[in-house]
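There are 2 protein chains.
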Amino acid sequence: MSKEYVLAGDVGGTNLRIAAVDAGGSIVHQESVETPQTRIASDIVDAIIRVALSCVANCGMDGRPRAFGLAMATLVNSREGKSLSSPNLPELNGLSVADAISDQVGIKVFLENDATAAAIGENWLGSSKGVANSVFVTLGTGIGGGLILNGRVFRGTDGTAGEIGHICIEPEGQACGCGSRGCVEQYASATAIVRIAHELAEVSDSSLLAGRVDFSSKDVYDAARLGDAVAIETFRRMGRYLGTALAGLVDVLNPELILIGGGPAKAWDLFIDSLKAEIADRAFGPPAKTVRLVRASLGDSAGILGAARVAFDAEGTQ
Amino acid sequence: MSKEYVLAGDVGGTNLRIAAVDAGGSIVHQESVETPQTRIASDIVDAIIRVALSCVANCGMDGRPRAFGLAMATLVNSREGKSLSSPNLPELNGLSVADAISDQVGIKVFLENDATAAAIGENWLGSSKGVANSVFVTLGTGIGGGLILNGRVFRGTDGTAGEIGHICIEPEGQACGCGSRGCVEQYASATAIVRIAHELAEVSDSSLLAGRVDFSSKDVYDAARLGDAVAIETFRRMGRYLGTALAGLVDVLNPELILIGGGPAKAWDLFIDSLKAEIADRAFGPPAKTVRLVRASLGDSAGILGAARVAFDAEGTQ
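Note that the protein sequences, when read in sequence, are chains A and B. Mapping the first sequence onto my numbering, position 13 (from 1) lands on 22, and the numbers just tick up by one. Mapping the second sequence onto my numbering, position 33 (from 1) lands on 42, and the numbers just tick up by one.
These aren't lab readings, by the way, just hints derived from the structure by calculation. Hints are supplied without guarantee of correctness; some may be wrong.
What the hints assert, rightly or not - Below, a sample of chain A positions facing chain B; criterion: calculated Cβ distance under 7 Å: (1) 62; (2) 142; (3) 180; (4) 181; (5) 189; (6) 262; (7) 291; (8) 293; (9) 296; (10) 299; (11) 302.
Glycine residues also receive a C-beta, built at the ideal position from the N, C-alpha and C atoms.
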């Protein structure tokens, strides 16, 4: 096919996906491998280059991609194309990832934090399409975020803006991987759901989760669906904690929309009431009344599609 | 003088000031009265109109002002020119203040929250001049804020954005006038400084503040300057609390600059070290390294000058 297209990638701690995406946002072709579990940065960079070149060769599109947008699960300096800091991909810290890949693939590479990329994707084709001011929240092992302000992605001074998972909601609370304590990520991520359920199950013999040493947030979800009181209370608390952080953002940013995505968002009806109640209790009336809370709609593809949008927008501007 | 000028006002719970301001940001003429202490909204509106007309008559400028920018100590819907909610000026809640004044004065009126106006003023002529991304914090009876993002004031969906004083830093903490608990305003405003000093002085016989029933944040400041340990510790704690909230904004907004103004900012060297330490401890390394903390430079005139800038910018656009 002879259409303009870009490469778009999403590099997480577990999987590395790269796709060819056309200007309408259709994923024409996609390839995926496991992210190399290595201490050597060049192994990851080489894997990205290999999959990218394979993707170009196999996507069935004529010509070269216009640019390559790459979403990464790291703090990103998007201006300099550098990965700055990541618990999941520490070997990339400080590396000029964009240049390293660009030199080999011969295509301009634009780096973006994965949650910011997902916010861009949702704003292009998903739940926040046409909305000028929105906050995207992604729940997973941690909590990520991305901001669309005045109709454009907001990256801040270095491109690291949007890290809403590290808003402090308990000053002397749980230690966080970021070095702080009491970050909302420690109270409302998939990891936090498991911890809270463990704490509650310890004092409840009747819970389906009682006495189980090893369970996942999916197990807590399944137990809640079966009516387990501990599991239900876990999601209620998780909603309250997340609501505390989001209430602050409602007052500070007065967004029209807050989108929530990621695995635990599937438990929407288990946490959304307590989350909304917390926002209503804490935020000012007018912005609390304005904001709508909705589920993100693009699922796993939000990051790839956002990275594609970044590539289309950035190409030719630099 | 024959120059273009605007009217600019700053309406607080105590004083009402209106000035004629030229395009260079010079205050050509200024008048001030006490804000009517009344339950009747029209008394305040009438006072604004009276001072505004007097200001036009006495400012010595030829012709009519181009527009009238009005900064108010209330939550403002700047799009609709409405005052939404205020502990200081409750009688104005829901009133279309801009229209009411505009009808009488015959000049377009543009309403702005006072802290947001101050942020605009500082960005025009003060500490954040030329800076694309900054957070303005004003410490007083409460804590207000204003955001400059991507080189423009950020007002959010309704114009209420920037209310950083109500970021929660202690979920079960002090009750706040906004209806929530544990807002940073309850831990780092002038009011909070007095409360913290009272709590500490109660258990310290040697403090200059011990046994005193009634003192102000200025008294705490004076005691700290005399080396009083309780007063010094009060400002150290206030800095830590404010730092907890600002660390979240550093992660979320990645600003280049945070400006701090208002009365308690005079105690800068008493709180800035603990504030910076808290940001360093809590925020991500890269944005924490980027952000600079500075004192606001326009003092009491920031709001008036920002309101003037709003009037110059808005005139002709609506």
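Hint check:
Taken as an interface hint, residue 62 of chain A does not check out: its beta carbon lies about 31 Å from the nearest beta carbon of chain B, beyond 7 Å. Restraint check, residue 142 of chain A versus chain B: the minimum CB separation of about 5 Å is within 7 Å; hint holds. Annotation: residue 180 of chain A was flagged as interfacial toward chain B, and the flag holds, the nearest CB pair being 6 Å apart, inside 7 Å. A cut of 7 Å between beta carbons decides the hint on residue 181 of chain A: the least distance to chain B is about 10 Å, and the hint is violated.
Hint on residue 189 of chain A holds. Least Cβ distance to chain B is approximately 4 Å, under the 7 Å limit. At a threshold of 7 Å, the smallest CB-CB gap from residue 262 of chain A to chain B is about 5 Å, leaving the interface hint in force. The criterion of a C-beta within 7 Å of any C-beta in chain B is met by residue 291 of chain A, whose closest approach is roughly 4 Å, and the hint holds. Hint status for residue 293 of chain A relative to chain B: holds, with the closest Cβ pair at about 6 Å, below 7 Å.
For residue 296 of chain A, the shortest C-beta to C-beta distance to chain B is roughly 5 Å, which falls under 7 Å, so the interface hint holds. Evaluation of the residue 299 of chain A hint against chain B yields a held restraint, the C-beta minimum of about 5 Å falling below 7 Å. Among the interface hints, the one on residue 302 of chain A is violated; its C-beta lies about 14 Å from the nearest C-beta in chain B, farther than the 7 Å criterion.
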